[in-house]
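Now for the letters of each chain:
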Amino acid sequence: MKDKDYLKDILEIKSIMNKSSRFISLSGLSGILAGIYALAGAIAANYIISNYQIADSPVSVIPISYLEYILISIALLVLALSVISAFILSSKKAKKSGEKLWDATSKRLLINFSIPLFTGGAFSIILYQFGLIGLIAPTTLIFYGLACVNASKYTLGDIRYLGVLNILIGLISTQFIGYGLYFWGFGFGVLHIIYGIVLYNKYDKK
Amino acid sequence: MKDILKHINKVFDHRVRLGIMSALMVNETVDFNTLKEILGVTDGNLASHIKGLEKVNYIKVEKQFIGKKPNTTYSVTKLGKLEFQKHINALEKLINNN
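In order, the protein sequences belong to chains X and F. According to the numbering used here, the first sequence holds residues 770 to 975 in order. According to the numbering used here, the second sequence holds residues 185 to 282 in order.
In case anyone wonders, no lab produced these hints; they're calculated from the structure. Virtual Cβ for every residue (Gly too), placed ideally from N, Cα, C. There's no promise every hint is true.
What the hints assert, rightly or not - Listed below are several chain X residues computed to face chain F (Cβ distance under 8 Å; list not exhaustive):
#, residue
1, Tyr-775
2, Leu-776
3, Ile-779
4, Glu-781
5, Ile-785
6, Met-786
7, Ser-789
8, Ala-873
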């Protein structure tokens, strides 16, 4: 064997180790889109809340439970749109590079991402049950961050930083109850857009 | 130089065997079809290289049933891990030396 072959061997080993253990077709563009949806959702929610407060002096325009339904619907819509975009764009990226979207690596990624995420979701519902509304935004940020950190072992590693930052923002926001929406917009909106741009420049551009 | 070459393992001197070991090093177990997909080789080709690695006790084969379907999974043995690590170290040294 010549030197060139040794180098080729090492590169081959590295590539197969990555390919067999990490899901690499995660699309950067879908991160940017998820951030935009989250920002739009936060702005819409903010608009609805502030209008609600102005109008509540003589007769409330909408009852409080109605407001809560609207806000929850916005959050679910943001989540659904983000998941759909991630699915479509990642499957496109996978097709382009000849990978499969649904294989052992994506399955593992999804499972390990979902465990902290669904725990956080359930915990948020419990907070709501006990009327601790102010802690819901920090909780979603913290658990989403934990989900990202956990997922980082199974996909491109950059998601780890997104996770750590979301955890930090979540913890900080517990000290500023009432401004949850702003932290939420920053964590899910701005950070996702930055993360998406980094991912896009690093892996998708070529 | 000769010392390093001593650690270059002839067993790994083939793209498919190198690939099988690489995949098994970073996964607890991998099944036959996944290996086939990752490496892009035919059934027969993969099976023969797996046999080669099994013979020198570098990998372990486990057969089980998922429902009615037979499912064969592979994992790396302690010896295989050690030998592969030595091989990679030797490769790296050779590249750095030149």
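Outcome of the hint check:
Taking 8 Å as the C-beta contact cut-off toward chain F, the hint placing X/Tyr-775 at the interface holds, the least distance being around 5 Å. Taken as an interface hint, X/Leu-776 checks out: its beta carbon lies about 6 Å from the nearest beta carbon of chain F, inside 8 Å. For the restraint placing X/Ile-779 at the interface with chain F, the shortest Cβ-Cβ distance is roughly 5 Å, inside the 8 Å limit, so the hint holds. A hinted interface residue such as X/Glu-781 counts as satisfied when its beta carbon comes closer than 8 Å to some beta carbon of chain F; here the least separation is about 6 Å, so the hint holds.
Contact between X/Ile-785 and chain F, as hinted, is supported at the beta carbon level, the nearest pair being about 4 Å apart and thus within 8 Å. Among the interface hints, the one on X/Met-786 holds; its C-beta lies about 5 Å from the nearest C-beta in chain F, closer than the 8 Å criterion. The criterion of a C-beta within 8 Å of any C-beta in chain F is met by X/Ser-789, whose closest approach is roughly 4 Å, and the hint holds. Taking 8 Å as the C-beta cut-off, the interface hint given for X/Ala-873 holds, the closest approach to chain F being about 5 Å.
In summary, this structure violates none of the numbered hints.
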